[in-house]
Structures are given as structure tokens and as C-alpha cells.
Amino acid sequence: MATLEAQLAELKAQLAQLQPQAQKSMAATVDAPAAATSMESPTPVSAAPALSWFGYGELNYTRPAAEPSQARADVGRFVLGAGYRFDERTRLVSEIEIEHAISSSSDPGEVEIEQAYIAHDLNAGMRAQIGLFLIPSGLINENHEPTRFYGVFRNFVETAIIPSTWREGGVGLQGNSAVGLRWDVGVTTGFDLSKWDAGSTEGIESPLGSIHQELALAKAKDLSGYLALQYTGINGLKLGGSIFAGGAGQGEPGFTGSRVSLWETHARWQPGAWDLAALYARGHISGTAALNEALAGRPTLIPEDFFGWYVEAAWRARMGKPWPLVPFLRYERFNTASSYTMLNAGAAPQPLADRIALTGGLQWQFAPGVIFKADYVDFTHGREGDRFDLGLGYEF
Amino acid sequence: MSRRPQGLAFVGAGMAVLAPGGSVVAAEYLSLEAAQRAVFPEGTRFEPVALSLTTAQRQAVDALAGPQPPRGRLGAWRVEGASGSVGFFFADEVLGRQDFIDYALGINSDGSLRTPEIMAYRESHGGEVRNLAWRSQFAQRRDGTRLRASIDIKNIAGATLSCEHLTGGIRYLRALWQIALNTVPQAAP
Chain Y
1 MATLEAQLAE
11 LKAQLAQLQP
21 QAQKSMAATV
31 DAPAAATSME
41 SPTPVSAAPA
51 LSWFGYGELN
61 YTRPAAEPSQ
71 ARADVGRFVL
81 GAGYRFDERT
91 RLVSEIEIEH
101 AISSSSDPGE
111 VEIEQAYIAH
121 DLNAGMRAQI
131 GLFLIPSGLI
141 NENHEPTRFY
151 GVFRNFVETA
161 IIPSTWREGG
171 VGLQGNSAVG
181 LRWDVGVTTG
191 FDLSKWDAGS
201 TEGIESPLGS
211 IHQELALAKA
221 KDLSGYLALQ
231 YTGINGLKLG
241 GSIFAGGAGQ
251 GEPGFTGSRV
261 SLWETHARWQ
271 PGAWDLAALY
281 ARGHISGTAA
291 LNEALAGRPT
301 LIPEDFFGWY
311 VEAAWRARMG
321 KPWPLVPFLR
331 YERFNTASSY
341 TMLNAGAAPQ
351 PLADRIALTG
361 GLQWQFAPGV
371 IFKADYVDFT
381 HGREGDRFDL
391 GLGYEF
Chain B
1 MSRRPQGLAF
11 VGAGMAVLAP
21 GGSVVAAEYL
31 SLEAAQRAVF
41 PEGTRFEPVA
51 LSLTTAQRQA
61 VDALAGPQPP
71 RGRLGAWRVE
81 GASGSVGFFF
91 ADEVLGRQDF
101 IDYALGINSD
111 GSLRTPEIMA
121 YRESHGGEVR
131 NLAWRSQFAQ
141 RRDGTRLRAS
151 IDIKNIAGAT
161 LSCEHLTGGI
171 RYLRALWQIA
181 LNTVPQAAP
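Chains as they are written, first to last, in our numbering: chain Y, 1 to 396; chain B, 1 to 189.
To be clear, the hints were calculated from the coordinates, so they are not data collected in a lab.
For glycine and all other residues, C-beta sits at the position ideal for the given N, C-alpha and C.
There's no promise every hint is true.
Stretches of chain Y that chain B covers, calculated by requiring three or more beta carbons in the stretch to come under 8 Å of a beta carbon on chain B [what the hints assert, rightly or not]:
| hint | region |
| --- | --- |
| 1 | 48-58 |
| 2 | 83-93 |
| 3 | 112-125 |
| 4 | 139-149 |
| 5 | 178-188 |
| 6 | 232-241 |
Ranges between beta-carbon positions, derived for each pair [as the list claims (entries may be wrong)]:
| hint | chain 1 | residue 1 | chain 2 | residue 2 | range |
| --- | --- | --- | --- | --- | --- |
| 7 | Y | R72 | B | G66 | 57 to 63 Å |
| 8 | Y | V179 | B | R146 | 22 to 28 Å |
| 9 | Y | G385 | B | A34 | 52 to 58 Å |
| 10 | B | A56 | Y | F396 | 28 to 34 Å |
| 11 | Y | E205 | B | P70 | 39 to 45 Å |
| 12 | B | P70 | Y | W269 | 28 to 34 Å |
| 13 | Y | H381 | B | P70 | 45 to 51 Å |
| 14 | Y | G109 | B | G66 | 36 to 42 Å |
| 15 | Y | G385 | B | R146 | 42 to 48 Å |
| 16 | Y | F396 | B | D152 | 21 to 27 Å |
| 17 | Y | E205 | B | A34 | 51 to 57 Å |
| 18 | Y | I130 | B | G66 | 38 to 44 Å |
| 19 | Y | I130 | B | D110 | 46 to 52 Å |
Next comes chain Y alone, as it looks inside the complex (with noise of 0.2 Å):
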């Protein structure tokens, strides 16, 4: 009797050492949604395969005001992107773009990559990141699908004053901690004010867009430095800016000592329905003087200084379904040329006058990933850039 009470004992212990581990790799095998399948491991592996793919595109239409006879439609955009896991901490995010359907020397098409950067975690709240990525500058410049801003066409003050879609080439780290404080801090290529073309309106159109390099040979130079903050520690609530500066000059004869820099703040409150946001942005380029001097006469000086900003309510109809309806309306008053620098002959160019725009419209995400657009554009002074637009937008 003692006998088997000793072995009884004995097989007791030896069933209490077993059941932790019994209880680690034994998980449930649940297999109510088709996909899924036993848990057998708690190290947090992957399940995905390692190799994803992912895109946007963006189709419009848009008719111009006073000029109907300009009347386009476009593939806008068109954007395959294909990510890679190396492992559970480093991957490659990876997306190229075509723009206006076709690409050659007689069509008015771009084939352009977007983003190739490797992003390796350093611990579960931050990562460093190094290749070509978006630079972390307002509401719209990292989240540009379609699906996640308003209005066909992206705001002009993202676009105009804030180059989006911005990316330079460099380093980085990200962090996000619990209390909703996401930070961003890097060191990049920036703009080369040599490409700046006093013969087009392209530098009036975007100052920014007119001299950045997209990483396509980019000069280096000068480097620039970013530094990003955002909060969303208040549900419904994002409070951010940023700022980013550094040379221009990149070593062209006449060019030594200019810099740009940009900072903006923005905000986005989504209080039930309602998709309320704002935005302030403003560049100044330094260094102007005598190349102004030396473009004398042409149409268009590089400007000193250059803003924007909006306000905007967007109110999200239910429905009944997760696909809402939802009208919007935008506010913007932007100025690509606000001030010039003092020139040796003690007069300054004429700085722009500012430009407001006035944007209402309708989308309707019909399914996930999937948006119809429609609005229309209107300039206050004058007719001028006034115009309809119509959009089909897709993101997977």
C-alpha cells in the first residue's frame, strides 16, 4: 500500500512539472473562421506569408470652369507596392508609381518609386528605418490613398506648399508610446534650389515641388534633418507638427548658403459624425538674394518666404452600413510667393497675392477600399481654377 501511495505521489509531481508546459504549447484549436488554425507557439511569428502585396490607384475626371475645352481624364495614379519580411523585426516596404497611364519621351507620364526603405525594430515602441520614405509632414503626406483624404485631388496646400507625395532618402527612428505620443527623427537628403527654373511656373505652382530630388541622383551634399510630433493619446483626437530644414545649396557655384525649411502644425478631431481638421504650413528658402539678382527679369524669382492652411468638416452619414456617404467642405488660403528678399537695387518683386479656395464635395465608399468622389473647386478671385471634378479611388 505504501508502494503505490509512493507512486501515486510520484506521478502526481510528475504531472504538476508537465502541465505548465502542456499549458504553453497546447493552445486551442478554434476553427470557426476558415483561416484560422491552431496557435502552437507563443512567440508572437507571423502567420502571413512573407511576401505581401499592396496598391492604390486614383482615375479622374475634371472640367474646368472656364475653360471646358480642357476637359481630362486620367489615370492619376497608379501604385503597386510589395513588402518583404526577413524577419519578425526587419522588413522592406517597397511602392512604385506610374502617373497619367503611359510613361515615354511623347506622353505626359512618370514612372516614379515611392517609397524602398528597410524598417528593423529596435523594441515593440520603436524602429529605425533607412532607404527612400515619406517624410512624416502634415495630415496627408503618409496617408495619400485615396480613401483617406477628401476631395478628388489632394488639398492645394499639400500639394502647393507641402510637396506631397515628399520623400527623401536617409535615416530615421520612429517611436510610439502608450500615451498616444508617436515621435519621428531622422537625417535626409533635401532640395536642390539649383533646379529651380525662373522660365517656368513651376516654382510658383510649388516652390518645394520645383527643387526636390526624390532620391533620382540627389545631390548630397547638404543634408537636411527632420523632427516630428504627434498625439492621439485623446480618442478621436491627433495634434501634430513638424519641421524640416537643412542646405540647398548642394555645392553649385552661387548657390552656397541656402537652406530651406518647413513647419507645420495640424490637428483632426472626429467627434461622432464629424471629421473636423486644420492645418498651418509655411517654407522660407534663405539665400535668395543675389540669385534673384541674377534672374532679374525673368517670371518667376525664387520666393523667401511661402504658407498655407485650411480648415476643414467633413460629416460621415451611417447609413446603416460600414460604407458611409459623406459630404465635405474645405476652406484654404495658400500664397506660394508671400515675400522676396530684398534685392541689391533695394527693391523687392512683388510678392503674390494670396489664393483661397473654396472646396465642397460628396464621397461615397461604396465598398471597403473603394471610393467614388465628386466636387467642386472655387477660386474667390475669379474664374480661374475654378472647376468640377469626378474621382474613382482604390486601395488594397
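Keeping the supplied structure of chain Y fixed, place chain B upon it in accordance with the hints.
Then chain B, alone, in the frame of chain Y:
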């Protein structure tokens, strides 16, 4: 006029102020055991649950859960405390945009939810779903039909897909509990 912003200088200063060990979450990926402790700190025993659904149960879960994102592995554990059963623990995976988000959820015996924990987040954008304020929106909710992204659960602008898919996944787990794991008749929420 010549201003010279000290770009590289503020980068260095920012790194010094915001280095890990400050406000940044410095934890590694959350292991299964750590997630169990975080969701059910009073749990003394986590017993794996093997469960197969009938066709009728599967249809009922699908109807309750609504549209779902692509899913990965799913595990369930019955949780015992010092005074008996306290609920169920789930470890689940839903697609963010490119890769799975691993998360853990606790459902109390009365059907109310506990704050979910993010076990692993692998996307390039949208990591804000780790915010405690966002995750806390799920705590104490009992009505599985009131788990609608952007309506009942507020969205984080810039992390929309992650918010929507995690909310969908949690809604699925609540439906699974209601149809297959709940043994006590529930009062109206």
C-alpha cells in the same frame, strides 16, 4: 536675410530627449504568457480550449461578427481564478495592411470585454493602436453588436485600417464567445 536653422542639431537634441527609457514603450514583443498576465492578472490557470463549431454555429458567429479582415491563428483559453472561472482569454491575429497584428483579448464570464493588448505590430504606419486610450474603449463593453469601427469605437486618423481590422477581430471573438463558449444565459446588455 539669412536664417540658418540648425537641422542636425535639433535632430540630435530630439534623440536625446526621446530616447527609450523615457516615455517610449521599451518592452519587447508581448509573449503569450505576458499577455495572459496583462489581461487576466488574477488568473491562476489558463486551460486551452479545443472547440469545433457546427455549421449553424459558424453561420451564427459570422452573422454576429459582420465583415471580417483576413485572419491568422486563433487560440482560446479558459481562465481560472482563486474562486473559480473568471472568463476566456483569446490570442488572435488580424491583417493590418500588409501583415498580421497579434493581439490578446479577455472576455469575462458575464460577457464583458477587457482591454485588449497588442502582442506584435509589424506595419509601417498605424502603430498608434497601441495607445492605451484607444484600447480602453473596448473595456466593459458587453453588447457585441456595438463594436463598430468609427461609430462605437473611435478611429485614430492615420491608423484607420489597423483600427477597423482590430475592431472587427474583437467583434468576431465576442461573437464566438456568445455562440460557442458562453454557458450562462445572458441578460439583455
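Self-check item: Violating hint indices (sorted, rising)
Solution: 7
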